[in-house]
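Novice: Sequence:
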Amino acid sequence: MADYSKDEIKRIEKKWQDTWAATGAYKAKDDTSRPKYYVLDMFPYPSGAGLHVGHPLGYIASDIVSRYKRLKGFNVLHPMGFDAFGLPAEQYAIQTGQHPAVTTAKNIETYKRQLRQIGFSYDWDREVQTCDPAYYKWTQWIFAQLFNAWYNKKAGAEGKAEPISALIAELEKNGNKNIAAVCDEDTPAITAEQWKSFDEKGKEDFLQKYRIAYLSETMVNWCAALGTVLSNDEVKDGVSERGGYPVERIKMMQWSMRITAYAERLLKGLDTIDWPEPVKEMQRNWIGKSIGCELDFAVSDHNDLSIRVFTTRIDTIYGVTFMVIAPEHELVDKITTPEQRAEVTQYVDIAKNRSERERMSEVKRITGAFTGAYVINPFNNQKVPVWIADYVLAGYGTGAVMAVPSSDTRDHAFAKHFNLPIVDVLEGPTSDINKDNFEAKSGTMINSDFLNGLVWNEAIEKAVTKVEALGIGVRKVNYRMRDAIFGRQRYWGEPFPVYFENGIPKLVPDSDLPVTLPEIDQYKPTETGEPPLARAKGWNYKGKSYELTTMPGWAGSSWYWFRYMDPNNEKEFASQSKISYWKDVDLYIGGSEHATGHLLYSRFWCKALKDLGYVQAEEPFKKLINQGHIQGVSKFVYRINGTHKFVSAGLRKQYEVTPLHADVNMVDNDVLNIEAFKKWRDDFADAEFILEDGKYICGSEVEKMSKSKYNVVNPDDIVTNYGADTLRMYEMFLGPLELSKPWNTNGIDGVYKFLRRFWNLFHDKNENFVVSEDEPTRDEFKILHKTIRKVEEDIDRFSFNTSVSEFMICCNELSSMKSNKRAILEPLVIALSPYAPHIAAELWEKLGHKDSVLDAPYPKYDEQYLVESSFEYPISINGKVRVKMNFALDMPKEDIEKLVMASEAVQKWTEGKAPKKVIIVPGKIVNVVL
RNA sequence: GCCCGGGUGGUGGAAUUGGUAGACACGCAGGACUUAAAAUCCUGUGGCUAGUAAUAGUCGUGCGGGUUCAAGUCCCGCCCUGGGUACCA
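Residue numbers 141 to 1070, in this note's numbering, belong to the letters of the first sequence in order.
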């Protein structure tokens, strides 16, 4: 005796959530007899604001797929955890002294409570938290493996990471003359004797050039006043964002990851995975492979000096009218003439104090200085001037470019600005080089001696061949991607499993892992600019000091999907048998903002772990779906200036008004709840309202969801008012998963009404459970099988919004037929259960089943009910649809044609003449062309 | 600037291979039930023109062209918008 009311929903959802928790219904078993399916959500950072309605969007989609695959007989792994190291908790700790672990644990509890009441089928026994020592023990262990590895280009087809011991053995034997490795650019050639002559420190310094996790000098933004390193985001106009102190670019010893070794494999692997094309494209651009040529330009009046440039357009070499080198270029000092020295030095100083970010963001500003030096173009022996300018980056290519102002936008702008000559080398439709609206051309070569008349790609080939023949350069593949910095001057992160002995970095042995975070009294850097960990008293490894920086945010998230496979293993990061069964992630759902961060690093670590023999998968995530973002819709009330009167949105133009944010929870379909508004804030208590049609209508605007805009919608409220099933279906109904869309609850009643109507199919007017055991009619079967097929197709192509609609149509049709046959309703309950598990479980039980709906076999649709015996074809005449006729489905085309031609309507149109042709599209249309 | 999405009623959105555009839902209008309201159920609902009406005609998927018997869908040229990225030689 209960209808699908608020109280009943609450009872049902609690009952089943408790039941499933108690019976461990979601535990993934390592049952290798069944095919596996691994569905993963990007684990969240547990922020203090709690879960908002945007979070569950992707989680609901992945939960539907998990439950569906399970019903289809797969052994499903669907875990959840927390990316728990991060800046906000640390910042909060610096301000309040509250330990980040405490804040984080509290936030995680909130998240888990909120996630639980939405009814996700997570196997919570497999939860991981990256800040848990039992977890980061293995993050440290993986770091150690990467420290102990180098990239051997000769191993396998594309090269692979190998243990460093193999490298050492080879160095002992033959030095590095036979070694082809991805290593530092400045690695010298050494013999076995030289290697043996190194002391321990010398050997380690040399090995650092090869290790995949290595220490090296890198450029950082150093703020002396704050005593800390700043990220590019924290620097504005050459001064720190906080405090406005000067920031300098200095070199510092930092941990890095040699991700560049994997550039080619990261690029090629993209072709093997089912990811959204935009994400793949972003990764391709990030890796930034360019094939070109490096060649030397001799410096005029310096017989011994030459400048090496990198170019992808060697074909345009006859158009070179000057050269530009980066301010940091090593030859700047040597080649600058005395007359130009003052200007150059000043320019270099300014450039040094601007962060890379800034240099990039000021694309429009053209700056530079002439060095006074000249180089010789090896192709035509012309003398061209050498300039320095910060549009040339020291870190890319060789830090020097041959400038061709007639075919490169930046070179062109530079030449215009400093009045340098422009020589056209390409003949094309827009070859007027003096135009201001510059356009790079493509066409055939002109003014280019032996290249004249060739198209660009032929010319490149011919020119490169000549460069190599002259012995002045080589064909060269270049990548834009840099090695990844792997250290931060922060507290709340994984400590490195590294200590120093006589300045030599050494690994803490596996048996002594994890190196746990020490307690400290304050979480900020020390006065002397050391990282916070320097505050830890007596924190050392057998008297030797630990590395004091911590790992970056992406360390823990770059391998977590492996830990879910075997989360409690204390001996390995995951056992070999479990890794070989679960292997990789079949479906990964998350936001596209991680395209070049997390997703790239994860692929890198996965490949490295594979090389070292710990996992089998070359790629971690087979299929990726990006869910869109849910934005907030802020609501506004309009106060007439200087009064306590608020005017409804439609009438606001008649007054001088100030819009004020109103809490979205007081607004229902744009209508303000005036009583709630008056109570909301004391100064609104005596507010007056000018209404339209008896209502106060609010204005709205789409903005980011934020507390200060009063537009945050918390899923808890929806669950309280409508239940988890309605929330789940409504979020899916809102639109395509991939689309970003503003949150609104305008249509939520429709979804709720659907569920109630569905419930009513099983109940009579007095709320007694009644289902009929009669044999369904063909029409009823048709509805059932059509729905099952549609929903199945929709899930397979991740179109959840359309399957919600399909359920509604099905329910409406059954309602209007007053159909309550068991043979129809039972399969529908199963099909609905991935979307609305609680109501499905309750109805399943009422249908008399002892077993769980979670394990029911997914219904199969039967083609015989989907085939129409006859079909109503629209008949179109000259493309205009005029009449409809019925034909048997198996009628031959010729007969249909005859019938159509004989019909009165067609006769009238054709006036007895034979048509040019008759087009019959089976199942769609018959078209008569006159 | 470059790369990738998107633009369809009052609103969110359907339309899977070029084949009856607007499914489904919200909102709105009318009706039933009710003393009344809420809830629920039923009916209608892209614009314009004509008609008492059923209906008929006509326009219609950001704009301008094109291909086709047939275009939201394909091609060319624009406009607007969301996201990513940024001096990569």
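Hints listed in this document are in silico derivations from the structure and should not be mistaken for laboratory results.
Be careful, since some hints might not be right.
Claimed, not checked - For lysine to aspartate or glutamate, the following DMTMM-like pairs were computed, each having C-alpha atoms within a straight-line distance of at most 20 Å:
id, residue 1, residue 2
1, 785, 823
2, 958, 904
3, 176, 904
4, 408, 388
Novice: CA of residue 785 to CA of residue 823, is that 20 Å or under?
Specialist: Given that 20 Å is the threshold and the Cα spacing comes to 12 Å, the pair holds.
Novice: For the pair supplied as a hint, residue 408 and residue 388, confirm whether the alpha-carbon distance does not exceed 20 Å.
Specialist: 38 Å, violated
Novice: Would you check the hint for residue 176 and residue 904, treating anything up to 20 Å between C-alpha atoms as holding?
Specialist: With a Cα-Cα distance of about 42 Å, the restraint between residue 176 and residue 904 is violated, given a limit of 20 Å.
Novice: Quick one, are residue 958 and residue 904 close enough, alpha carbons at most 20 Å?
Specialist: 10 Å, holds
Against the hints set out earlier in the document, violations occur for numbers 3 and 4.
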